[in-house]
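Participant: Here are the chains, one letter per residue:
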Amino acid sequence: MFARLLYESFRRQKRRKLLAGAAIALGVAVATAMIAVATDIGDKINRELRSYGANLLVTPQEDTIDVEIGGINLKPPSDGNFLNEADLPKIKGTFWRNNIVGFSPMLPVNISLGDASDTKSANLLGTYFSKKITFGKEQARTGVRTTHPWWRVQGSWPADDSQDVLVGEHLASRLGKQPGGRIEIAGQSHRVVGILSTGGAEDDQIVASLAVAQQVLGKPEAVRRIYVSALTKPEDTLARRDPKTMNPELFDRWYCSPYVQSIAYQLQEAIPHSHAEQIRQVAQNEGTVLSRIKGLMLLVTLAALFASALAVSAAMATAIFERRQEVGLMKALGAGNFAVAALFFAESALLAIFGGVAGFFAGSLLAHRIGRSIFDSQITIQPVLFPVILAIAVIVTFGGSAAAIRRAVQFDPVFALRGDA
Amino acid sequence: MSGSQPIQQGVSARRAGSAHTSMFLRMLWRAAVLRRGRAASALLAMVVAAAVATAMMNLYVDVQAKLRKEFRSYGANVVVVGKDGTSLPADILNKIEAALGGRGLAVPFAYVVARTAHGQSVVVAGTDFERVQKLDGWWSVSAWPSGPREALVGRRALPAVSPDGKGFELSFQGHTIRLTPAGTLETGAAEDSRVYLPMAEFVAWSGVHPSTVEVAANGSSEEVNSVIGQLAGAMPTADVRPVRQIVEGEARVLGKTRSTLYAAAVLIVLTAALCVLATLTGWVFDRRRDFAIMKALGASERLVSGFFAAEAAALGAVGALLGFVIGIGIAAWIGRVNFNAPVVPRLSVLPFVLAGSMAVALLSAIVPMSLLRRVQPAVILKGE
Chain A
1 MFARLLYESF RRQKRRKLLA GAAIALGVAV ATAMIAVATD IGDKINRELR
51 SYGANLLVTP QEDTIDVEIG GINLKPPSDG NFLNEADLPK IKGTFWRNNI
101 VGFSPMLPVN ISLGDASDTK SANLLGTYFS KKITFGKEQA RTGVRTTHPW
151 WRVQGSWPAD DSQDVLVGEH LASRLGKQPG GRIEIAGQSH RVVGILSTGG
201 AEDDQIVASL AVAQQVLGKP EAVRRIYVSA LTKPEDTLAR RDPKTMNPEL
251 FDRWYCSPYV QSIAYQLQEA IPHSHAEQIR QVAQNEGTVL SRIKGLMLLV
301 TLAALFASAL AVSAAMATAI FERRQEVGLM KALGAGNFAV AALFFAESAL
351 LAIFGGVAGF FAGSLLAHRI GRSIFDSQIT IQPVLFPVIL AIAVIVTFGG
401 SAAAIRRAVQ FDPVFALRGD A
Chain B
1001 MSGSQPIQQG VSARRAGSAH TSMFLRMLWR AAVLRRGRAA SALLAMVVAA
1051 AVATAMMNLY VDVQAKLRKE FRSYGANVVV VGKDGTSLPA DILNKIEAAL
1101 GGRGLAVPFA YVVARTAHGQ SVVVAGTDFE RVQKLDGWWS VSAWPSGPRE
1151 ALVGRRALPA VSPDGKGFEL SFQGHTIRLT PAGTLETGAA EDSRVYLPMA
1201 EFVAWSGVHP STVEVAANGS SEEVNSVIGQ LAGAMPTADV RPVRQIVEGE
1251 ARVLGKTRST LYAAAVLIVL TAALCVLATL TGWVFDRRRD FAIMKALGAS
1301 ERLVSGFFAA EAAALGAVGA LLGFVIGIGI AAWIGRVNFN APVVPRLSVL
1351 PFVLAGSMAV ALLSAIVPMS LLRRVQPAVI LKGE
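One line per chain: the protein sequences are A and B, in this order. Start counting the first sequence at 1; every next residue gets the next number (the numbering used here). Start counting the second sequence at 1001; every next residue gets the next number (the numbering used here).
These are calculated hints, taken from the structure and not from any lab test. Where is the CB? At the ideal position from N, CA and C, for every residue including glycine. Do not take every clue at face value.
Simulated pairs of lysine to any residue, SDA-like, Cα-Cα distance not exceeding 25 Å [what the hints assert, rightly or not]:
(1) A:K75 x B:Q1120
(2) B:K1382 x A:D412
(3) A:K75 x B:P1159
Chain B stretches covered by chain A per the calculated footprint, using a threshold of three residues with CB under 8 Å from any CB of chain A [said to hold, decoys possible]:
(4) 1153 to 1162
(5) 1277 to 1285
Required output: the full structure, derived from the provided sequences and hints.
Facilitator: Here you go:
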């Protein structure tokens, strides 16, 4: 009898049920989309923050101090120690390799430009542009195009295995160079394929592949420093502790968290005779910016949950209030308060489940669209979200119906049937 | 408005024009009072929707300014350097500050390459420590210099200049200065290999004037660009350029955050509006008996429509005003919790919230009204 009542209620009031179900689906969709966006926004913004450039710098362990003003190196080029280029792919073998977005080795060399009659000194910077790195089975492309996204090239980027060079825009205008021209570096002619604009010291330099710089310097495999761009977790008190003073258990926790400090530690382990350090300007500030944006989205998500809960309960209350005559009839025929309430709750539960499932998929689609249009990447929706969302939908629907059901049950059947309630 | 007085007035001035207005208002008022429960729940939905909408709009407008302030902790977004490595004119700082007009910070830097007692080359910089502390909050400094002849020594420069942590000598073009290290500096960048001195002592020792001024200009990218234009115009001998790394990173992150917040605001306002629409439609539909009685007593279609429309509009207006106040509170609270600074209430949001609320309220009155209009009053009164 109960099941028949339930079935008939849905069969005969298709439009009304559809409206209430649509309200629930809408509320759940908004909630799902907002929760999915809010849980993923940290990762998304973290990736956007990588556009500030590298947050870690690896230098030789026993290095002499840099003598550098405004990015111009004044130190004798062969002075000090070097890292070995052959060690670079090991960066992709560290524990947090998937958090390392990219890295760029740098080798600055002082050079003389032009032929014997008219020589000028300048800086040549050797680096990777977008070089394929192989470590074990993994392959990745890395270089300044990943780690220094604000570098702009007019013309084209040189290939990493070519002798082509980029000329900084200030230097190019002084020398009168254009893309397609040629430039004499240390007695050898190189093709200029592009003019580089960075807004920094590189505007006065020549940038070439690492191999070209090593060849000019006469030190194959030499690398002066490596810029590493990594996704990190904002610093907390554990992050700032000295790993030497930790007990093994604490050390494991520290080592297995993507703090900038622990990634630096792992880089030092991977590359022999190296010293890795956070670039504080980038590393220290991204934590605050990230936590502000995450906090903001969390609060906004709360507001969205609140609004959708309200929409669902308002729709349920209206739907039940409209059916008080039906309640009157049932009670007049001898139904108890419990039976009436059970019927309405069962209806609510069914509506919540159907609306919740539809809303979850609509919300996933919405989150997907938001991710596509704003971040150009997928927003991952954790499967665990599904039962959570469904449970929330049922609870909110019950909560929204409870007050209306109580009032409906309390009506005197006589008044309800006369329509005076 | 309740009591016998208005009725007597209404009776005595039966034919006067004011009677219609007073009756109209009376009906509005009694409808709200008698059906308190339903009216209150409709009003509540309205208030909550308006509050959420106000908070979201207010946040959307204000959050950019709040986040920009956070982004300024990345340091300078504009640098002024002498063209082709020359020193900047002596009054450069005053000129820059005049162009900034208090909406930014300028820090001068001067550099020379000096030699230590052992003949090691080291870059020595002169600057204004008080300003640097504000501009470059990420500098990790063990102790800032305070006394005369005290220097801030970079982490990597320390073993070269003062391995034992005691006083050291630096010489530049035959002039020697004796300094004590006050503290060490750690940034992870070029600063680690330098020694920093107060500007006055640096100039007295080396005779070299600032060659670089780092500027943190506040405001949107357009405002920063106009500051760059002003600076370039005021100082033809200097090269003024934006720090692209900082400017572009900020624009990117801010843009993404704004778009996400915008999408969220649209979703939330839409949900709230639909919630109001559902509640109010139910409320109006529920009063079909009032509607039928009015028509049965001879009220014209226009009068009845006007009555329901006025009711909805009044509900929308009251709900919007209450919601606005609450929404301002929510926005201020979010600002305080998340940014440690309250979000400034924007009165410019009020017209939008008011108009939106009234539009939604009117819409939710019109839909059931057009359904009811087709039905004979007798049918409704019979209860079918």
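Participant: For this structure, which hints from the list above don't hold up?
Facilitator: none
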